[in-house]
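> Listed below, chain by chain, are the residues.
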Amino acid sequence: MALPLSGQIVNLLAALLLLLAFAMLAQRRVLTLIKLFAWQGAALAVSTAIVAYATGQTHLYFSAGLTVALKVVLIPWLLHRLIDQLQVRWDIETLLNIPTTMLAGIGLAIFAFSLATPISQMASTITRSTLGIALASVLLSFLMMIVRRKAVPQVIGFLSMENGLFFAATSATYGMPLVVELGVALDVLVGTFIFGIFFFHIREQFDSLDIRHMEKLKED
Amino acid sequence: MEPLSSPLFASLLAAVSWLVIAALALVPAGNAFFARRLAFPLGALIGLSLASFGLQSIWLHAEQLTLPLGLPDLPFHLRIDPLAGFFLLLLGSVSAGISVYAGGYFRTETAGRLALISLQYHMFLASMAFVILADDAYLFMVAWETMALSSYFLVTTDHERPAIRSAGFLYLLVAHLGAIAILLCFGVMHGGGDYSFDALRGAELTPFWATVAFLLAFFGFGAKAGMIPLHAWLPEAHPAAPSPVSALMSGIMLKTAIYGMVRVIYDLIGGVRWEWGIVVLAIGAGTTLFGVLYALMQHDLKRLLAYHSVENIGIILLGLGMSMVFLGFGHPLAGALGLVAALYHTLNHAVFKALLFLGAGSILHATGLRNLNDMGGLIRTMPKTALYFLIGALAISALPPLNGFVSEWLTFQTALQAPLLEHGVVRSLLPLFAATLALAGALTAMCFVKVYGIAFLGRPREVRHPAHARAEGGGHDAGSMEQYGMAWLAAGCLVLGLFPTSFLLMLNRVGVSLTGQGLSPEALESSWLWLVPTAPERASYSPIIFLLVVLAVVLITIRLVRGFYHGRVRVADPWDCGFPEQTTRMQDTADAFGQPIRHVFGPLYLMKRHLPGPEEANPRYSIKIEDRHWYWLYLPVARLADYASSKVGLLQRGRISIYLLYSFLTLIALLIFVR
Amino acid sequence: MNQLPGIALQVLQSVLVVLVAPLVMGWVNICRAWLQNRSAPSIWLPYYTLAKLFHKDAVIANTASPLFRLTPYILFGCMWLAAGIVPVLATDVPFAPAADIIALVGVFAVARVFSALAAMDTGTSFGGLGARREMMIGFLAEPAMLMTLFTAAFISGSTQLPTIVETLAHREFAIYPSLAFAAVAFLMVLLAENARIPVDNPATHLELTMIHEAMILEYSARHLALIEWAVAIKLVAYMAIGFALFLPWGIAPAGDWSALPLALAALGAKLALAGTGLALLETLLAKMRIFLVAEFLSTAFLLGVLGMLIHFLVR
Amino acid sequence: MEIALVLGMPLAGGLVLALFGHQRWAPEASAFMSFGTLAAAALLTARVIADGPMTALNEQVFVDPFNVFLVALTAFVAFTTALFSRPYMRTEEHHKRVNSARLRLYHSMYQLFTFMMLLTLLSNNVGMLWVAMEGATLSTVLLVSLYRTPASLEAAWKYFILCSVGIAQALFGTILLYFAAEKVLGPGGNALLWTHLHEVRGQLEPTVLSLAFVFLLVGYGTKVGLVPLHNWLPDAHAEGPTPISAVLSGLLLNVALYAVVRSKVLVDGALERNFSGGLMMGFGLLSVVVAAFFLSRQKDIKRMFAYSSVEHMGIMTFAFGMGGPVAAFAGLLHMTVHSLTKSAIFFAVGHASQACGTQDMASIRGLIQQSPTIGWGLALGTLAILGMPPFGVFTSEFMVLTTAMREHPWATPFLLVALGVAFAAIFGKVQPMVFGETTAQRQTHPPALVPVFVHLAIVLMLGLYIPPYLVDWYRQAAAFIG
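Protein chains in written order, with our numbering: chain A, 6 to 225; chain B, 263 to 937; chain C, 37 to 351; chain D, 17 to 498.
In isolation and in its complexed conformation, chain A is listed as follows (with noise of 0.2 Å):
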C-alpha cells in the first residue's frame, strides 16, 4: 500500500530530523548547534501540522504552533541572547572523538529502528513508521549530552531530546491530549528559563560554563 502524500511528507521530514540530529552531535560549534536545534524544531513543527491537516486532528495545529513559538523562535532566541551575554563562542569540546561517536550514534539509530518496528506495526497513523526515527533522535540527543563537556551544548541536548518526543508524540498518536501538550511545554519553558539561570550562576562561580569544573562532588 502506498502510503499518501502527507505520509511521504511526513517521512521526508522525520528523515531530516534524524539528520539534524546527527548533525547536532558531530556540530562543534555553538551557534550553528542552535541553528541546527532551531531547525529541529521548523521541521518538528511543519510535520506536526502535516499530520493535522491529513487527520483533521485540529489541536495538532495548536501543538505545531506550540513548538514554532517554543522551540524555533523563543528558546534560540534566548539561548543566543545568553551566549552574547556569557560570551561563550567558542568551539565545542568533546568527551569522545566525533567519528566514534556517529558509529555509535548509527549503532543507536538501527538499534531503535528495530526496537520501533513492532510496535509500529500495531499503529494505525500514517505516520507509525517514523517511531523509529523518534526512538532514534531521542536516543541520539541522549548520547549527545553524554558527550559534551559545555553546559550549553548539555542543554541543547536536552531540548532536542524533547522534541524526538514530541515527534514521537505526533507520529505514534497524533499527539497527547492538548492539556498535557500545555503542561509539558510549559515545563520545557519554565526548564529553559531555569537553565538561563544556571548558565548565568555557573559563569559567575566558575568563570567558564565548562562542566569539568562540577566534578568535585564525588566518592573518593
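Hints are computed from structural coordinates only; laboratory data are not their basis. These figures come from a predicted structure and were not determined experimentally. Treat the hints loosely; a few may be bogus.
[As the list claims (entries may be wrong)] Pairs of lysine-lysine, DSBU-like flavour, derived with a Cα cap of 30 Å: (1) A:223 / A:40; (2) C:323 / C:306; (3) D:199 / A:223; (4) A:221 / D:315; (5) B:909 / A:223; (6) A:221 / D:445; (7) B:870 / B:886.
[To be verified] The following residues of chain D were derived to be distant from chain B, with all beta-carbon distances above 12 Å: (8) 28; (9) 32; (10) 55; (11) 63; (12) 89; (13) 117; (14) 199; (15) 308; (16) 374; (17) 384; (18) 405; (19) 412.
Note that beta-carbon positions come from the ideal geometry of N, C-alpha and C, so glycine has one too.
Once you have looked at the hints, place chains B, C and D on chain A.
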C-alpha cells in the same frame, strides 16, 4: 482462664509494671526523687513477684495469651510454659538482688543521668521478660532488639570515654548481626503458616533446612551469648557498663540467649540431631577454654569477669551439646540430664556472676579502682564485700558445696553416660569434652585465687594511685542497699548449692515439657537430701551432709586444738627473708600471677610485652594481651567491607557525563532485555 | 536399716587415717634416708615435730586477715573428709554417697584454693610465688586426676568409690590396659599433688624451686602443725585412692566384719610398700625445673585420656 | 471540594509567598498554609474513608486508597517540615547564608513544591502526572542551589540534568502508554486517565506496555533514586538546605515511587509473566546493596543519610516488586515510616549541623551534651532507620524479609548483608556524633524538635501497634497494587 490466678497474666503485668517504672523515671520532680528512692526497690519487688509467677508456672500447663498489638496478621502472642517459667524465675530472682544493689549504687548520680539510667534499666528488664514470654517471631524480635538497644544505652552511660563508645558500637553491631541471623532462622523454619511459634513448631522441615535453621539459631543466639568466635564484644561491653548493668548483662541477658537457643532448637525446630550436638560441643569446648585462658590474662577486674562469662557460656553449651548428642541418638534420659545440667548451670552462673560483678562494682565505688594490679588488702576496709565476693569466687570455681559445683558435677555425670552411645567416635569424644570442663574448672579456680588474693588479700600494691589514699585511710565498705543485694545473691549461691534436689525436680519439669521425657524415676524419687542424676548406685551427692561433715570436722579440730593447747598468738611483721627493704610492690601482681599460664599456653596469646631495662629509674613491667580473633576474623571482615565500598565508590566519580552514561546504558540494557 | 555399725566403721577408719598419716610420713623419710645412705631418723619423728609445734606460741604477720588463721583448720578438715570418703579398710562407708570421686577432687580443690589464698594473705612476695605455682600444678593435675578416675568410673559404671572398689575387686580377673595407663597417670598426679620430687621438694627452702613450702612460710606453731598434718593425711588419702583403684584386693566388702583384720593387715602392707616405692622414686629422680612440671603433668593428663579412650576402643 | 482545597492551599501559598516571602512573618505564613493543606488533606482522608474513592475536576483528579494515604502523609510531613524550617532558615539568615530575596524564593518554592507533589499524587491523568513530576523537579532545583556555593550549584546542576533527562524517558513511556491505550479507549483525553486505563488494563498491548514500562521505570526510577540512576540524589541532599533534604527524601522519592507503582499496576494487568515485578526487584536489590556499601565512605552527614534513602527506596521497590498482599502492605508501611523517620533525622541533622557549624561528621561531636534533645533525636532516629525494633521501620523490614525468604530465598542473603553493612556504617558514624565531648555551640534560635519527636513517636507506635483503620487502608491499597 482466670486472669488473676494465671501466671502468664501476672507475669505480663509484672513486665508492664517495669515499663511503667521506666516511664515514671522521666518525671523530673524533686531531683528525680522517684528514680533515686523508689524505682529500684520497686523494680526488685516486681522481680521477686515475677520469680514467684515463673516458679508457679513451672508446675502448670502451658498458657497462651494474645494481645491486640503488633502486626495486623500477627498480634502479639504470649505463652508461659515450664521453660519460660524457669527463665522468668531466673530473671526475677537475680534481678531482684541486682535492683536492690542498684538502688544504693546509683543513688549518688546526678538527676538527669539517674533518670536515664532508671528508664533504660527497667526497660531492659521488661524487654528481657518479653523475650521470655514471646510466642511469636515478631514480638520475640521486637523484645530481643529492644533488649539490645536498652542495654546498649546502659553500656554507653559513660559515653565521654572513647573506649566505652567503641565498646558500645561493637556490642550493638554484633547484637544486630545476631538478630539478623535469628530473623533468618525464623524465616527458614517458616512452613506456610504465620510466624507464631505454634505455626513454627508445626512446620515440617527437611533435615537440610532443619540443620540450616539450627546453625542460624545457634550462631544468632551464640553472638548474644558470647561464644567464640563471636565473643569479641563481650569483654569490651560488659566492663564498660556501670556494675549493676554489667551484672544484669552477664548474669541475665546472656541467659536469654541460652533461652532462645533452647527454645528454638528443642522446641521450635525439634527433632534434635546428634551432629548438631557435636557442633555445639566443639564450639562450647573452645569457648570454655578460650574464656578462662583469656580471663587469666586480665588485670581489669570487670574484664576478667566478662571473660569468665564467656567461659561459663561454654560450659552451658557443653551441657546442651551433650544433651543434644544423647537425644539425637535416642537416649532421652541422658539427654534430659544434659539439659538439666545446662539449665542448672545457667541459673548458677546468673547468680554467682551477678554477685561477682556487684562486688566489683562495690570495689569500684569505694576505691575507684578496676585494675587488679593496683589493689590489695581490701578485706580490711570492706570485710562484708570481701565475704560475699569470696562466696561468689568459690562458687564460680566450682568448689563444693557451693552451686557452681553442682551443675558441673551434673555435666560430668552426663558425660559419664557416654557408654550408652553406639557411635564409637562420639562415645570417646564426650569424655574429652568432660576433660576440657575439668581443665577449665581448675583454671577458673586459679583465676579466682588470683582475683581474690590480689584484690582482697595482701597489701595495696601501688601507692601512686590517688584513690589509694582513700582505700587505705577512710576506705569504706559497700552501703547497706548494696550489701542487701549481694547478700541475696550470696544466699542464692548457698541455697542452689545445698538444696539441688528441689531444683532438679523443677528442671525435670522443663525437660519433660521440651523433650517429652525427664530424668529416671530413681532420680526423681530420691529424697531431698540426695542428688541423684540417674541411679543411686551410680552416682550421688549430698551437699548438706558434705557441708555438715566439713563443718563438724573443722569445729572438732578447732575445739580440740583450743582445748588441748594454749591459744597464745604474737603479731609481728611478715618475714622479710633477710631483705629489710620489702615494699608492697614486691607482691605478685595480677599479671605476674598469670605468668605460668602464659608460659604453658603461650602460642594462644598475642602478647605485647614491655620489659623494663636495667637502667630504668622507675622500672615497670607491662603486658598487653590481644585477642587473636581480631586478626583472623574481625579485621579481615572489616577490611573486606572497606575494600568493597572503595570499589563501589568508584561508581560515583562526580562526572555528570558518566552519570548520564549510566542512565543511558541502563536504558539500553533494559530495552535489549525486553526484546 | 541400721547404719550404726557403718558409721562406727566410718569414724574408725577416718580416725585411723588421721592418726597413721604421720607414721607413713616417718616411714617414707626413713626409707629415703636408708636409700640415700644416711642414718635414719626415728619413725616417730613427725609426731614429735607436731607436738613441738603445737606447744609453741603462734606468730602471725600483722598483715594477715582472719582467713589466714582459719585456713589451717579448713585444710585439716578437708583432708580428714577426704580420708573419710575413700574406702581404706572396708567399702562400707555410709558417708560415701554424699561425695563421689568428682566431689573428692572438689575437696582437694577447696583445700588448694584456701591454702593459696592464705599464702597471698600476708602480702609477701614468697606467698604469691608459691600460690601461683601451686595453682598451676593444680590446674594441670586436677584434670589428669579426673581422667584417671573417669576411667575407673567407666569400667564400673559408677562414680562412687565403694562401688568402684567392689566392682574392681570382685570381678573376674582381667587385664585392663586402660587401668595400666590410668595407674601411671595417677602416680604422676600423686607426686605432683603431694609436693614430692620430681615436682617439688618437701625439704627445700630454695626460692627458685619451692612451691608448697613457699606458701606456708608465714605459718608457725599450731597452724603449721595442722598444715603439716594435713599434708600427711593427703598423702595417705592419695595412696588409699590408688589402692582402691588399682590394688583393691583386701578391702573388706560391706557388712563383712570378719574381713576387717585382714583388711587392716593388707592396708599396712600396702602403705609400707607404697612408702618404700615413693622413697625410691624420690631418690632416683631429680627435681625438675618448674616449667618442666607442665610437661610432666600434661603427660599424665594425656595418659589418663589415653586410658579412657583405650577403654572405649577395646571394650 | 476537598481535593481542590488540598491543591489550592499550597498553590495559593506559593503565590502569596512569592510576593511576601521576604517578610518577617513569612515562615509562619508558610507553616500556616501547610497546616491548611494538612487540614484539607485530613478532611479529604475522612471523606474517602467515609465515601470511598472518587474523582473530581472533570475526572482529571482522583482519590483512591493508595494515593489518599500518600496525600495525607505528604501534607503531614510538609507541615512539620515547614515548622522545622522556621527556626532553621532564621538561623541560616542569622549566619548570613541566605538573604531575604532568597528566603522569598525559598518559601514560595517550598509551597509550590508541595503543590506539585500533591498534584502528582492526585492527578488522574498520567500525562499530568508527568507534568507535575517535572514541575516538582523544577520547583526544587533552585532550592538546592539556594546557597549559591560552587558545590550547591554543581549539585543542583546534576540534579536538574539527570532528573530532567530521566524524566524525559518517562515521557516517552507515557507516550507509549497512550499509544497502547488509544487503541482501546480511543483518542482523546480519556485514554490517559488512570481510572479508565485501570479498567481496560487487561486489553492493552503487552509488547508496547513492557516497552513503556522500561521507559517509565528508568524515568521515574531516576527520581526514586534507584541505582545506577541515583547519582543526583546524594549531591542534591547534601548541598541543599536541610528542610529541602527532608522533603526530598521523605516525600519526593515516595511520590516518584508512587508513579512507578502506578505504572506497574497497569503493566501487570497487561502482561502474563511477572515482568515488572522482576525488574523492580532487581533494581531494588541493587540499590540496597550498592547504597549500603556507599554508606561507609561518607564524610558528610546529609550525604550519608541520602544514601540511606537510596537503600530504603531500594527496599520499598523490592517489596512492591515482590507483590502480594503482605509485601505490598510492607512496602506501603515502609513508605510511611521511612518518610517520617528520615525527615525526623534530617530535622535533627539540620539543627546539629547548625550547632556545630559544619556537615562534616568528623567535626560533629557530643550532641547529647549540648542539646540532649537533638542528640537523642538523632540517635533514636538513626536506630529507627536502621531497622531496630520497636520502631516501625523494623515492622516493614520484618514483613519484607520474611516474605522474601518464603518467595525469593536467593535475595535474602543480599538484603541481609546490606542491612548489616548499613548498620555498621551508619551507626559507627552517628554514635560519636551523639556521644562524647561536645563541639556544638548554643543556637540563636530554639530548635524545632517537636516535629522530630512527633515523627518518632508515630514511628514507634507503628512498630508496636498499627491502628485498624490504617491497616484497612493499607490493605485496600495493597490489594489494589497486587
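> State for each hint whether it applies.
Here is what the structure says about each hint:
1. A:223 / A:40: Distance ~35 Å between residue 223 (chain A) and residue 40 (chain A) Cα, so the pair is violated.
2. C:323 / C:306: 26 Å, holds
3. D:199 / A:223: 47 Å, violated
4. A:221 / D:315: 14 Å, holds
5. B:909 / A:223: It holds: about 13 Å lies between the C-alpha atoms, which stays within 30 Å.
6. A:221 / D:445: 23 Å, holds
7. B:870 / B:886: Cα-Cα ~5 Å, so holds.
8. 28: For residue 28 (chain D), whose nearest Cβ neighbour in chain B is about 36 Å away, the distance exceeds 12 Å, so it holds.
9. 32: 36 Å, holds
10. 55: 28 Å, holds
11. 63: Answer for residue 63 (chain D): holds, closest chain B Cβ roughly 24 Å.
12. 89: 18 Å, holds
13. 117: Since the minimum Cβ distance to chain B is about 28 Å, residue 117 (chain D) lies beyond 12 Å and the statement holds.
14. 199: 19 Å, holds
15. 308: Non-interface label on residue 308 (chain D) violated, nearest chain B Cβ at 8 Å vs cutoff 12 Å.
16. 374: 20 Å, holds
17. 384: 7 Å, violated
18. 405: 4 Å, violated
19. 412: 10 Å, violated
Checked against the numbered hints given earlier, the structure breaks hints 1, 3, 15, 17, 18 and 19 and satisfies all the rest.
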